[in-house]
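A.B. asks: In case you want the letters, here they are:
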Amino acid sequence: MPLQSFFWIIKMTQYDSNPLHAHPLVQTLIKIINVDSHDDFLNLLEDKLVLASEKVCSSAKKNSSVKTFNQLCDSARRNIQDPKELELHLELLEKKLEDDISCQIAHMLDESGFIAEHDPNHNGHVDILVRSQNKKFKWLGEAKLYGGKKYSEKGLYQLVNDYSLGNPNESGGVLIYLNSTQYNVMEVVTQWQEYLQQISIDSEARLKNFTYNYRADYPLIFVSQHDHHKTGIRYKIRHCCLDIRIDF
Amino acid sequence: MNYEIKNSYFHKIIKAQKFSEFSDVGYSCFLILDHLIVAGRDREVSFSFDELRENVDERISDEDFITSVFYLTREDIKILEQGFSAWKTVEDRYVEVKKEKVLRMINSKQFSHPYTGEELTEDQFYEEVIPFFAVTKFFLDHKNDTI
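So the sequence lines, in the order shown, correspond to chains A and B.
Heads up: the first sequence is residues 13 to 260, going by our numbering.
Heads up: the second sequence is residues 15 to 161, going by our numbering.
Think of the hints as simulated: they come from the structure by calculation, not from any bench.
Any given hint could be a false lead.
What the hints assert, rightly or not - DEER-style ranges, computed between Cβ atoms:
id : chain 1 : residue 1 : chain 2 : residue 2 : range
1  : B       : Q31       : A       : P36       : 16 to 26 Å
2  : B       : V52       : A       : A228      : 48 to 58 Å
3  : B       : Q31       : A       : S71       : 13 to 23 Å
4  : B       : K112      : A       : K242      : 35 to 45 Å
5  : B       : E141      : A       : K147      : 24 to 34 Å
The beta carbon of each residue, even a glycine, is placed where N, CA and C say it ideally should be.
Construct the entire structure; sequences and hints are all you get.
C.D. replies: Below you can see the structure in the form of structure tokens.
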């Protein structure tokens, strides 16, 4: 749609020394805002996801969130006698920490030229929904604090079965937030990838024709593909860890 | 950085956005908005990055400033619209290039100078084809509204 029916008067001369035009971010933002292919959308999102993850993992705010979380968990363990009530309490605290981190990532992505939301409704409440500005392309991110492979599987299950529609311009992500394990990131990622491969044989996992590829330049992230159970279209899921441990 | 949010419709719109705690994009949006409200610019006259930058706190990084300028072009904000221009030798000035033409080149990754037709690399293209900004009609219609 044409933006105007007149000519803009452009107040620049050939000799304007305007270094901001040449800033690489200008190029990136123009690409993100006007993206027109799903692959380009994913490539542009990938860079911003890595940046956002690195920022969150190294922030003082994260340290204080995790510290508070740990203190509240310790206090609950000391003061709540009923095991069921304690479990419920700890689950709520975990959800709060997950939400804090996911929220920060969504806000950073939203500033980066995408439309990103935390906890919107997309066939249920997905943790992070990222769309292109023309609303053509979507990425659904489901986050879980690390609690072993079985626990991460819950996030994958929600993503695959509840939130994803399997449409051609849609893909997903599993974000595992490491807050207490002694494993290093590579160990967690590898175990998770091997576990997915193993469960994909079971038709109930709905990961038919599962394949995966690690990022060549960043081997802590891999992208899996499977036939989506609803549409049969190859569905991409990006798997990564965010190391939010303090004093580790 | 301290900033007292004013009462206008657009200040409220920006206030309602969720900005990252790691950036000053929100603050930069407010400063640009303040400038646009008093600048009294018609839709026809564009803003360059430089002109907008002069009105934004120097402590705000170039990255946050650039991000905020583009942020104001979002469909749900509608304060600025963005166009492209390139040098046209016969007119001895920068002339607007149709956005569809530029986007076609960006999306096909086949770049050429919009007026000379000279084939360009991607980086050369972004040096030659320069974004500019202008206020929207929506902004002019509602810039004095208060909530």
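A.B. asks: Hint by hint, say whether it matches the structure.
C.D. replies: Hints versus structure:
Between Q31 of chain B and P36 of chain A the Cβ separation comes to about 24 Å, which falls inside the hinted range of 16 to 26 Å. A hinted range of 48 to 58 Å holds for the C-beta pair V52 of chain B and A228 of chain A, which are about 51 Å apart. Between Q31 of chain B and S71 of chain A the beta carbons are some 20 Å apart, a value that agrees with the proposed interval 13 to 23 Å. In this structure the hint that K112 of chain B and K242 of chain A lie 35 to 45 Å apart at CB holds, the actual value being about 40 Å.
At about 31 Å, the beta-carbon gap between E141 of chain B and K147 of chain A stays in the expected band of 24 to 34 Å.
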